[in-house]
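So the protein lines, in turn, are chains A and B. According to our numbering, the residues represented by the first sequence are 26 to 288, in order. According to our numbering, the residues represented by the second sequence are 6 to 274, in order.
For the record, the hints were derived by calculation from the structure and aren't laboratory data. One thing to keep in mind: the hints can contain errors.
Claimed, not checked - Negatives, chain B to chain A, calculated, CB over 10 Å:
#: 1; residue: Asp48
#: 2; residue: Leu106
#: 3; residue: Glu120
#: 4; residue: Glu134
#: 5; residue: Pro150
#: 6; residue: Leu196
#: 7; residue: Ser234
To be verified - Example chain B residues on the side facing chain A (calculated, C-beta under 8 Å, incomplete):
#: 8; residue: Leu86
#: 9; residue: Ser87
#: 10; residue: Trp151
#: 11; residue: Leu153
#: 12; residue: Met157
Model, not experiment: these values are computed from the prediction. Every residue gets a Cβ at the ideal spot worked out from N, C-alpha and C, and that includes glycine.
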Amino acid sequence: MNSLRPRLIEWLPAAIIIIFLIVAWEVLVEVLDVQRWLLPPPSVIFVEIFDSLGFLLRHTWVSTTEIALGFSISIVLAVLLASGIIWSRTVERTLYPVIITSQTIPIITLAPLLIIWVGTDIMSKVIVIVLFTFFPIVISLVSGLRSVDQEMVDMLRTLGASPWQTFRKLMIPSSLPSFFAGLKVAAVVSVIGAVIGEWFGSSEGLGWLMKIAGGQFQTARVFAAIVMLSILAMTLFAAVVVVEKWSLRKYPPTATRVIRLGD
Amino acid sequence: MNSAPQINHLNLETINNALLSFLGVGFDYEDASILEDVSLTVDRGEFVALVGPSGCGKSTILNLISGVLEARSGSITASGLSNRADRLGNVSYMQQKDLLLPWRSVAENSRLGLELRGVSNSESSTAVEKLAESFGIADELDSMPWQLSGGMRQRVALLRAVLPDNPVLLLDEPFGALDAITRSSLQQWLLNVLDTSNKAVVLVTHDVDEAILLADRVLVMSSNPGQISAEVKIDLDASPHDASVSTSSEFIELKKHILDLLGDHEVTQ
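Looking at chain A on its own, in the form it has when it is part of the complex (with noise of 0.2 Å):
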């Protein structure tokens, strides 16, 4: 209890800047006369939230289910691919030429056609969210597994250690807390990966819901689900942030302290 008036102290000017972007947008809109259609205030996407609120969920909830599916696919396909890198030079030079590439390509080009080649079913929305997320996992977490000290794997060697103990014991351990800076980082992007998708072949979810509300002009709409697509996004960053919290739990402070230069 003791805790809880300082944190609320902390968050306080975070509070202060939103309050008053929403207030300054909702007297600019008044005070300028801004077409409903072109920019409505907040209080009327408010209000449109509050009306069609379960009409929203039920298109979260497909949204989230892909996004859930896709990241889930994304993190074993990058714990595998990543491993293999570590493991072996043959692997590494076959697989990161493919890996790039596949980067390299704009996503959006590839909607269209993944429809066409596995239909408009929960698939093609997966893979378009694994083609967004897989990647940031797989270089934080080669990364991770490279940042590992030769002493210490010497160290394991000379206690007996095999190839697969000492990636066991030592490397997994190791790169955890880079793995999770890039789970974060994918799973804001695999929100917008779950858009991408439904944009080009869905009737349903959070990206199909703003496309076809903008082609009607009913901008409050497509503001509720940008409200809705934020809320996911922050749920899934604040989940994985809690794993990562447990995960480290027993990590020195030195892995998971900010140097701030600021304060």
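Here the structure of chain A is known, so what remains is to put chain B in place on it, guided by the hints.
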């Protein structure tokens, strides 16, 4: 005995009885010769110190004995194991840095060697608890490494190294990074811990005092390439546990002698 390379100061009897024999060993690193025809043997219960200038290959000798590195020439046998890969895991080796895994508690770090051998957690924890008292870490078993002082971390590292109970123990500057007071108290403690262990111990150190205090024999090395240039038997009348031993005249004589031997090579190298 096969036709071994020239072994200067050793005879066949000592070689056959030794727990650790390191005969005519050469080692190269990137075309540079690091060790050339280096030989030493260590008996059960004997403590040998290697002193020499930086870069003379002292630590390389330990890496070769433990099996981390492969020798170019010569033969190495520790506890009857002459194959490099077989020695890995069967020679206790405490490196210069403590190299504790930061995400493991003191107890979990200490039992790592047993864990890698497939000993169950409950069994290895019991083994750790049994020795924790004499290692002075009984109250710290649940602490994390980052909560410990440098001296405590070294104790944990040594416990981790000796717990698999291998007959050969290698120590690479175990107290090099510690302040003088902590170092001398840990030296006394190490003598006590090893007093009854009957291990063959090889200590690498920069510190001539430490070598005289702890070892039965001091091997002086020269560099470029690394070779053993002299052997000094340590036979002090005073007990090494005696606080005043390092100011006794015989101690100072020995120290002078060893420093002279080291100094010669500094000049001629």
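Would you say serine 234 of chain B is clear of chain A, with no C-beta pair closer than or equal to 10 Å? 28 Å, holds
Do the numbers back the hint for methionine 157 of chain B, that is, is its least Cβ distance to chain A under 8 Å? Nearest chain A Cβ about 15 Å off; hint violated.
Against chain A, is leucine 153 of chain B within 8 Å by beta-carbon distance? 11 Å, violated
Would you say aspartate 48 of chain B is clear of chain A, with no C-beta pair closer than or equal to 10 Å? 22 Å, holds
Taking 8 Å as the limit, does the beta-carbon of tryptophan 151 of chain B come near enough to a beta-carbon in chain A? Constraint on tryptophan 151 of chain B satisfied, holds at 4 Å.
Next item in the hint list is serine 87 of chain B. Is there a CB on chain A closer than 8 Å to its CB? 17 Å, violated
Just double-check leucine 196 of chain B for me: nearest Cβ-Cβ distance to chain A has to come out over 10 Å. 23 Å, holds
Assertion that glutamate 120 of chain B lies outside the chain A interface [Cβ separation over 10 Å]: Incorrect as stated: the minimum Cβ-Cβ distance to chain A is 8 Å, not above 10 Å.
Double-check leucine 86 of chain B for me: the hint is only fine if its C-beta lies closer than 8 Å to a C-beta in chain A. 12 Å, violated
A cut-off of 10 Å on Cβ-Cβ distance, and glutamate 134 of chain B was said to be off the interface with chain A. Does that hold? At about 19 Å from chain A, glutamate 134 of chain B clears the 10 Å cut-off, so the statement holds.
Looking at leucine 106 of chain B again, its CB stays over 10 Å from all of chain A? Contrary to the label, leucine 106 of chain B does not stay out of reach of chain A, its closest Cβ about 7 Å off (not over 10 Å).
Confirm or reject: proline 150 of chain B is not an interface residue toward chain A, with every Cβ-Cβ distance exceeding 10 Å. 7 Å, violated
Against the hints set out earlier in the document, violations occur for numbers 2, 3, 5, 8, 9, 11 and 12.
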